[in-house]
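**Student:** Here is what each chain is made of, one letter per residue.
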Amino acid sequence: MADTTLELDLNAITEDSRKLAASIKPGKQKYDVIIVGSGAAGGMAAFQLAMAGIKVLMLEAGRMIDHRKEYRTMEWPYSSMRRTRLPPGERSIDVAEYNFDRPYGGNPVYQKNAKLNSYAGNTFTRNWVVNEKQHPTTGTPYAWVRARVMGGKTNFWGRGALRYGPLQFDAASRDGYDVDWPIRYADVKPYYDKVDVLLGCSGTMENLDTVPDGIFQRPHKLNCTEVHFKRSIAKMGRHYIPGRAGVTTEGVLNNKYRVKCMGRGHCGRGCDIGANFHSPTALVYPARDSGNLTIRPYSIVTEVLVDPAGGRATGVRVIDANTRETLDFKARVVVLGAGTLDTTRILLNSRPTTSPQGLGNSSGILGCHLSEHIMGIRGSGFIPNRIGTETTQDDARPISPYVPRFRNVTDKHPDFIRGYHFQGGGGAGEYPGVAHEIPGFGKGFKSNVRKYYPSLFSLGGFGEVLPRKENRVSLDPEIKDAWGVPVLRFDYQFGDNELKMAKDMGDTVEEMLRAAGAEDIKINRDPLPPGWSIHEIGTARMGNDPKTSVTDSTCRLHDAKNVYIADGAPFVSGGTQNTTWSILAMCWRTMDHVKERLRTKEL
Amino acid sequence: MNRRTVVKAAGAAALLPWLSDEGLFAFAQIQKASAAPALKTLSAGEFATLETLAEAILPADDRSPGAREARVAEYVDLLLSEAEDDVRSSWRAGLAALDALSQQRFGAGFARLDAANAETILGELAKNEKEPKTPLEIFFKATKNATIRGYYTSEIGIHKELRYLGNRFTPVFIGCHTEDGKDCPHCGQKAVL
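For the record, the sequence lines run as chains A and B. Quick note: the first sequence, position 165, residue 165 per the working numbering, numbers continuous. Quick note: the second sequence, position 46, residue 46 per the working numbering, numbers continuous.
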């Protein structure tokens, strides 16, 4: 039988992308600013600059996206006989792996890339993530999820729209570990506010230091299991609040590409009505409508070009992904927003005679302090008030609720510094994963599945990985990707603080499930492989001293005064918060500096 | 369903005499519901054993049809046809071993056993399902997992059995009624503690 979910015809969009790329040659047009990448960082940078009348060239390594066709938000699993699974050879990691139901599947060889499997192994996102065979990494295992397509990872991001607060910006002042950010929450708060208003953020006012409030649109209510859990842990002094989602529930001003949330779920496949924030519909297309933004797809930036005399960037070198031509584009300013690790890779690979160790790396710390979140510690159980009840609509919303950090806020834990939060909820979802845990077979088994189905509740933790100099990436001296660019070598592992924190996460999730009277509690205490969070930050950290930092407090390279970083690479520490909303706010702030310096001709 | 997708779904339609749109649609429905499956990996005998096993794991009951009507065995056959060689051969060996056991105990293949005898055999295979050890126990657990996946991602599993209510336009999420300051009829929680 034909599998219509595999027959998505992308010929028109790839052909359009080729033609668009071929029409944009160096030297034809003058640009003020080159932006590398089109995700949250590149999109926000392009929006801010183009709307200010600045001529911008955006370089995206992948193709354009046909979001109406490719976001198959409401497709049922039974649309395909394969139920969204892919035949071998169709996956981005096409090592002929086929994770057919365990115990016959689950080949340990593929564990390293388990997270990538989950994006590359379904029919919704596989056309956006890179093929591991073309984009290998070396060193320690790291599940590095990369999307090379217009919009990058915002096409399938998790929608967690949380702010860093004083606990992150002044973390070192509180516990003496490492250094503070060179800026404070008060410096970024106005930008978070503006991002909330521009893009739409759903949430509730809670007045918590751990996750500062924003300017929120209609929040998402809790369902029955969640109300019970909230009431239960309130007695322990802990909070359980509606998730904060980068989704407009009440509409946004002046954006013809987006409408408000219709509560359909399946947001991670891409939201075909644009209620979920995606860089293309929210930022890039409106910026293009200004007439000031030129987008060149299929443009793999390999290095920043530097004038050896002045130490300033003159532009970037591009390999066209199709023709493999090398093209040098020039501009007054270069903004890197390729994602923390690819931005770092481009800088490391930019080796003018004046800085053979990589552009911006006179301190020697470019690539160090790689940080993200430790995940995998989770707990589940059945909430009694919904065992045996008829199904209700429990998941018609973009995000599940949130237990804000409670460790090392006012107290001091004896075993570890910093903290973690939990995300998760309960109720009847589309797939009853609980069935795999229920013993037996036959009518009794079937009725037990529906008995417990509406009552399943689960929480998963996100813990801060301490920034450490020895957790780093560097260029592999030998291995190159399919375009001849050196690949990243990872030297990264969780440390003692993370592992002690992970143990405490397991204990506290169990304690909270017990407080809620959950039945058949199951706790998973094993961390997922590094990289799983997709919240990587820190490899070009910001600071006031050029000897110990890569960028200044405006995310500009100390070593090249017209090169800026728009993504998470300059972030000093990442708390437990999902990263995207901070990337958007910090990028807006950085672009305000760029605009001002272009106006005063400093750039 | 438009004419083109019907023709596609019907597959063999090109060989048929001309049918009206309604006729074609009806033919596609027959194909969808009860036509003999076009097997990709398993023999007819293996398929019958697998289908019986899947139905025994998730049978029809008063609420909804079971794994047979949800065509779970066909789903497994398709995935097996695209699996690695060792996965495929493990599965075939499992089906053969199940039939052999059934033959030895009750003198007939698994697909021909009456309900009581089938339950006796499955009871043994499911005994250690948390930590299956013997090849047959491992085979049972693998088939159970695949059956769960195939059934609860089918139209029957999602709509008739679970009565899942999501994936539809819901401009405002209702949630627990206590969130609106009312006692909740679904969970019995009071608006105010």
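Worth flagging that the hints you see were computed from the coordinates, not collected in a lab. It is possible that some hints are incorrect.
[What the hints assert, rightly or not] With a Cα cut of at most 27 Å, we get these calculated BS3-like pairs of lysine-lysine:
{"hint": "1", "chain 1": "B", "residue 1": "K127", "chain 2": "A", "residue 2": "K522"}
{"hint": "2", "chain 1": "A", "residue 1": "K194", "chain 2": "A", "residue 2": "K115"}
{"hint": "3", "chain 1": "A", "residue 1": "K595", "chain 2": "A", "residue 2": "K28"}
{"hint": "4", "chain 1": "A", "residue 1": "K443", "chain 2": "B", "residue 2": "K182"}
{"hint": "5", "chain 1": "A", "residue 1": "K547", "chain 2": "A", "residue 2": "K561"}
{"hint": "6", "chain 1": "B", "residue 1": "K130", "chain 2": "A", "residue 2": "K503"}
{"hint": "7", "chain 1": "A", "residue 1": "K451", "chain 2": "B", "residue 2": "K127"}
{"hint": "8", "chain 1": "B", "residue 1": "K182", "chain 2": "A", "residue 2": "K522"}
{"hint": "9", "chain 1": "A", "residue 1": "K189", "chain 2": "A", "residue 2": "K595"}
[Said to hold, decoys possible] Listed next, the stretches of chain B that the computed footprint assigns to chain A, with coverage defined by at least 3 CB atoms under 8 Å from CB atoms of chain A:
{"hint": "10", "stretch": "44-58"}
{"hint": "11", "stretch": "70-81"}
{"hint": "12", "stretch": "101-112"}
{"hint": "13", "stretch": "118-129"}
{"hint": "14", "stretch": "165-176"}
{"hint": "15", "stretch": "182-193"}
Note that beta-carbon positions come from the ideal geometry of N, C-alpha and C, so glycine has one too.
**Student:** It remains to establish, for every hint, whether it holds in the given structure.
**Tutor:** To see whether the hints hold, each was checked on the structure:
no. : hint             : result
1   : B:K127 to A:K522 : 21 Å, holds
2   : A:K194 to A:K115 : 33 Å, violated
3   : A:K595 to A:K28  : 24 Å, holds
4   : A:K443 to B:K182 : 36 Å, violated
5   : A:K547 to A:K561 : 16 Å, holds
6   : B:K130 to A:K503 : 25 Å, holds
7   : A:K451 to B:K127 : 22 Å, holds
8   : B:K182 to A:K522 : 32 Å, violated
9   : A:K189 to A:K595 : 19 Å, holds
10  : 44-58            : holds (count 3)
11  : 70-81            : holds (count 5)
12  : 101-112          : violated (count 0)
13  : 118-129          : holds (count 4)
14  : 165-176          : holds (count 12)
15  : 182-193          : holds (count 6)
Hints 2, 4, 8 and 12 from the earlier list are contradicted by this structure; the remaining hints agree with it.
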